[in-house]
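All letters in the sequence shown, in the order written, are residues -30 to -1, 1 to 121 by mature numbering (1 follows the signal peptide of the UniProt record, and there is no 0).
Just so you know, not all the hints are guaranteed correct.
[What the hints assert, rightly or not] Using C-beta positions, here's what the derived DEER-type ranges look like:
# : residue 1 : residue 2 : range
1 : 80        : 46        : 29 to 35 angstroms
2 : 70        : 12        : 57 to 63 angstroms
3 : 106       : 85        : 17 to 23 angstroms
4 : 4         : 32        : 47 to 53 angstroms
5 : 40        : 14        : 25 to 31 angstroms
These aren't lab readings, by the way, just hints derived from the structure by calculation. For every residue, glycine included, the Cβ atom is placed at its ideal position computed from N, Cα and C.
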Amino acid sequence: MTSSSRFRVRSAIVLALPVFVLAGCGSADSAEPEVRTEVRTVTVDATPATTAPTASERIVLPDTTAPEPPAAEPVLVAMPPVVCMNLQTAQNTIQAAGVFYSRSNDASGASRMQVNDSNWIVVAQDPPAGTLIGEGDALLSAVKIGEPNNC
């Protein structure tokens, strides 16, 4: 027998082996076992129980948490004059007046971010000084220190 014919015989045996193994796994009885499903209806009496609840009964307790208080009215303060101030000092001044959050933008139009606020100078403010403002109402326009400005 040549080596190529031995290779073919071995290949045939290897390919046929799983078929014989799987065929032996089946049962002699080809009938499937019967599966049955049982449905039961349970009726619950609506009258209150006079005995202690069992582990399967659910106890619902009334909600005893206090209702949330209504939202506080926004605090309005007078906008301080901050034009020609260092941006950080202007923000500190607005916070000292009672408003924590103010916004700023690049007055040059280049849309630069004011990362280090102490390197910028406020050249305009909106709203003007004396106007009542709340959180986020103050908008400060600034340029970098050393750039042309009106201060």
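Cross-check of the supplied hints:
At roughly 33 angstroms, the beta-carbon separation of residue 80 and residue 46 lies within the given 29 to 35 angstroms, and the hint holds. Take residue 70 and residue 12: their Cβ atoms lie about 59 angstroms apart, and the range 57 to 63 angstroms holds. A beta carbon spacing of about 20 angstroms between residue 106 and residue 85 agrees with the range 17 to 23 angstroms that was offered as a hint. A hinted range of 47 to 53 angstroms for the beta carbons of residue 4 and residue 32 is consistent with their spacing of about 50 angstroms.
Evaluation of the 25 to 31 angstroms hint for residue 40 and residue 14 yields a failure: the beta carbon distance comes to about 41 angstroms.
Checked against the numbered hints given earlier, this structure breaks only hint 5.
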